[in-house]
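Student: Chain by chain, the residues run as shown.
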Amino acid sequence: MNSTMKQTSFSVAAFSVIFGLLVGALIMLVFGYNPISGYIALMSSAVGSMQNIGGVLTQMTPLILTALGFTVASSAGFFNIGLSGQALAGWVGAVWYALSFPNLPAYVMIPSALILGTVLGGIAGAIPGWLRAQFGASEVIVTIMMNYILLYTGNNILQNVMAHGIKESAQTTKQIGANATLQMPWLTQLTQGSSVSAGIVLALVMIVVIWFVMKKTTLGFEIRAVGLNPDSARYAGMPSKRTAVVAMAISGGLAGLAGTIEGLGNYQYFFTQNSSPSIGFDGMAVALLGNGSYLGVLAAAILFSVLKIGGLGMPMSTGVPFELVDIVIASIIFFVGANYLIRIIQKRIHEMDAKAEVTAEHKKQQKSGGQ
Amino acid sequence: MTELTPVIEMQHITKKFGSFAANDDINLKVQQGEIHALLGENGAGKSTLMNILTGLLQPTSGNILINGQPVTVDSPTKANQLGIGMVHQHFMLVDAFTVTENIVLGSEITRGLSLDTKTAVKRIQALSDQYGLAVDPTAKIADISVGQQQRVEILKTLYRGADILIFDEPTAVLTPQEIEELITIMHNLAKEGKSIILITHKLDEIKAAADTVTVIRAGKSIDAFPVAGVSSQQLADLMVGREVSFKTEKQSAQPKETVLKLDNLTVKDARGVAAVKDLSLEVKSGEIVGIAGIDGNGQTELVQAITGLTPVQSGQVMLNQKDMTNKSPRKIIESGVGHIPEDRLRFGMQTHMTLVENMMLQTYYQAPISHYGVINPEAEDKMANRLSQKFDVRASGIHIVAGSMSGGNQQKAVIARELDRDNDLIIAAQPTRGLDVGAIEYIHQCLIDQRDAGKAVLVVSFELDEILNLSDRIAVINNGKIVGIVDAQSTNKQELGLLMTGMNLDEVKATLNEPTEVNTL
Ligand SMILES: Nc1ncnc2c1ncn2[C@@H]1O[C@H](COP(=O)(O)OP(=O)(O)OP(=O)(O)O)[C@@H](O)[C@H]1O
Ligand SMILES: [Mg+2]
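Chains Y and E, in that order, are what the protein sequence lines are. Heads up, the first sequence stops at 583 in our numbering, and the numbers go up one at a time, no gaps. Heads up, the second sequence stops at 1864 in our numbering, and the numbers go up one at a time, no gaps.
Hints are not guaranteed to be accurate.
One-sided and incomplete, this derived list gives chain Y residues near chain E with beta-carbon spacing under 7 angstroms [unchecked claim]: (1) G289; (2) F291; (3) L440; (4) S452.
Below, computed lysine-lysine pairings styled on DSS-like, alpha-carbon distance capped at 25 angstroms [what the hints assert, rightly or not]: (5) E:K1590 with E:K1733; (6) Y:K428 with E:K1599; (7) E:K1674 with Y:K453; (8) Y:K453 with E:K1670.
The set of hints was computed from the structure by calculation and includes no laboratory data. All residues carry an ideal CB built from backbone N, CA and C; glycine is no exception.
Whenever a hint applies, use it, and build me the whole structure from the sequences.
Tutor: If you want it as structure tokens, here you go:
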């Protein structure tokens, strides 16, 4: 039964991707471009040069982490829309810290900066978790609000709080020093100057770590139990509130780590943000496409990044404007989201049906049981 | 005798889950106006067969004929159209909706775009009056007792006007009186030409209600015969395939020190109304105290307060001389309390998790199941296998999702888990709900063994037979208070029945001592 469930969620994911690509092709046709050569250009540009492969890896890194964060939160029954703000907390904190202590040796600076960014994201995640556990406040609303709070707090810190010595201008910090960067000269050289960093390794390691935590540890067991049936978790003596807060802290921590890697690996500095970083929202889409499976998250992150980076090459070789590429990506996200909605609606209808007429216990199983 | 065309004929039905055949070449014939019982052990495949008839599952092979016509029942909607309605073993009600909303769900009467609730309420009221299924149509499901939820389920099928009614263990949660009423209802329905399939583990109900019985053993239909002239003992032996005994043998109790002491306990229910009022009770090690009472008299809240699931308003819960009032469930579990909850799907298990994970629900953080927070898969499997074997939990594997196990086997899994921990106090609420006679015999023996091993056992049950069979002392609860504590040896159903209505012991004695009045009753 589990394997058929996996099959259906895989086919759901595959369908969303195919539909998204078809809609993209249609749009290219409408605007007079050849979709086949468009997609060939996309693929060949994504893997066409070492630099672009580096770009794909750079793009993937935060997406994997935020998607993992989303997955952990939803296992505990939370819908964490605040990944974006949590990532920002990590980014600002880590860059500020790195610039403030330029003389710390790398072996002290890098681990401590990573930990700091993760902890900051974790705190930003734990707050909405605690508010729901304690007062029943909807985490959806709280995390959306916190995205704004964190966005403007970050900008304010940059503009008004940071010492002038560590800023390039009112809107950007200086570059972090060699003691804090996650980039590695040989990797940069190999990828012809892309900004890929050791962050990708960290992200891949985190897939394994989170899989292990969720499937093999008592904490993961508690998180899943609380998410699936809080009454039964309470009956069993599990610390339900603490578990919910911890799950949200882990979720936020992963987002914080994603932000930290953006700061110390990809960009190497912080600059005024006009809106919440998109890695949070893209991460949600990746998680939904991956549908709670850890390998699925990896595959979805690769797909997203290939589209994004490959899309950059499309305009040059085929003349397809970059905006169209964004539409293709957006339609895939749309179909993933729509599928998610369709599944929820189907589930509801099914439950109504079942509850209204007749049903069997094992059918109930199929709701939300995806692992 | 000429063969009438059966209303339902299921021919050679086989249903496989993977390689496991839950139904294996089953035949079933139900005539019009007949009450047809399905009898079989836990996991025999009764619910699976009914799920096929109601379109929830598709048979691997076999045919279904309705009034002699072959049909494909490929969805619940189709079953509904064919006039097949089911009252389920596990209630499928939306907690946040009212009784009326739940009943009309999917067949709403609308006026323009809005629901015509008034007409619906009237129709439901009429049905519930007609069949004596008392329930407040405007109450929320979350706020009514399990017993009342059952009535809503029954009303739902009646509301839809089904011709073939399937009752999957409908009486498990009803009081003896309600059961009698239900049987009357079923007879009336049958007289009006409706056909009823009744699944129950209670043999006297089959004797009282059914015309014909089909026995299913391990997925196969063994036999079908008229009920008249067959004894309960014969039915039981046929079902299990060996001899079963109904009365559990036990020595007299050797009570020792007090394990559980409740002092003037007051507990509120979900709506904030006092459900347990100033209640005091003691359970000693080496004795079984039974709590008898009609559903909804504070039993649920009492058990939840002892186990830390509901806050105590005033009074004290003492365990082994230690104050455990309002301690966390984990503290209470760790201090040696096992709890078989009355609502196994909501509290007792994680239905989306595997049997293994359910078996370690309270012990997952302790050695040998886990070390430093990492779960040892071999240890958990070993525990699940051991418990399944010891308590005869039958499932197609220990890694099966618990929700897909048969109802009785789910209950056995919960009991196995709760009795296996070395507890001082066992609280068993409706411990044998949904179990077959063989399993009941076994579970009762287990509880008595616990007692003989020096544990304190508190049994809450709506079934007087169970209370009388198990208990050493019986405390009768009415309206949140203990109205009398009697010795199980010297009491009887009549006395308990009167106490349960709220009379105190003196009044009961007085009533029972007026022989003329009692005899004319
Ligand atoms: N979806 C499923 N997947 C795997 N096995 C299943 C599934 N549904 C039922 N089974 C198995 O089929 C067997 C028959 O189950 P069923 O629920 O029909 O039993 P039952 O006769 O109704 O028992 P009970 O009296 O305990 O309710 C059980 O062993 C159960 O574990
Ligand atoms: Mg069943």
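Student: Decide if the proposed pair is consistent with the structure: Y:K453 and E:K1670, CA atoms, cutoff 25 angstroms inclusive.
Tutor: holds (15 angstroms)
Student: Hint Y:L440 vs chain E: min CB-CB distance below 7 angstroms?
Tutor: holds (5 angstroms)
Student: Mind checking the CB of Y:G289 against every CB in chain E and telling me if the closest is under 7 angstroms?
Tutor: violated (12 angstroms)
Student: Does the structure keep E:K1674 and Y:K453 at a Cα separation of 25 angstroms or less?
Tutor: holds (15 angstroms)
Student: Under the criterion of a CB-CB separation shorter than 7 angstroms, is Y:S452 in contact with chain E as hinted?
Tutor: Hint on Y:S452: violated, closest Cβ of chain E at ~9 angstroms, above 7 angstroms.
Student: Under 7 angstroms is the threshold here; is the Cβ of Y:F291 close enough to any Cβ of chain E for the hint to stand?
Tutor: At 18 angstroms from the nearest chain E Cβ, Y:F291 fails the 7 angstroms test, so the hint is violated.
Student: Between the alpha carbons of Y:K428 and E:K1599, is the straight-line distance 25 angstroms or under?
Tutor: violated (43 angstroms)
Student: Within a Cα-Cα threshold of 25 angstroms, do E:K1590 and E:K1733 meet the stated pairing?
Tutor: With Cα atoms ~22 angstroms apart, E:K1590 and E:K1733 stay inside 25 angstroms; holds.
Hint compliance for this structure: hints 1, 2, 4 and 6 are not met, and every other hint is.
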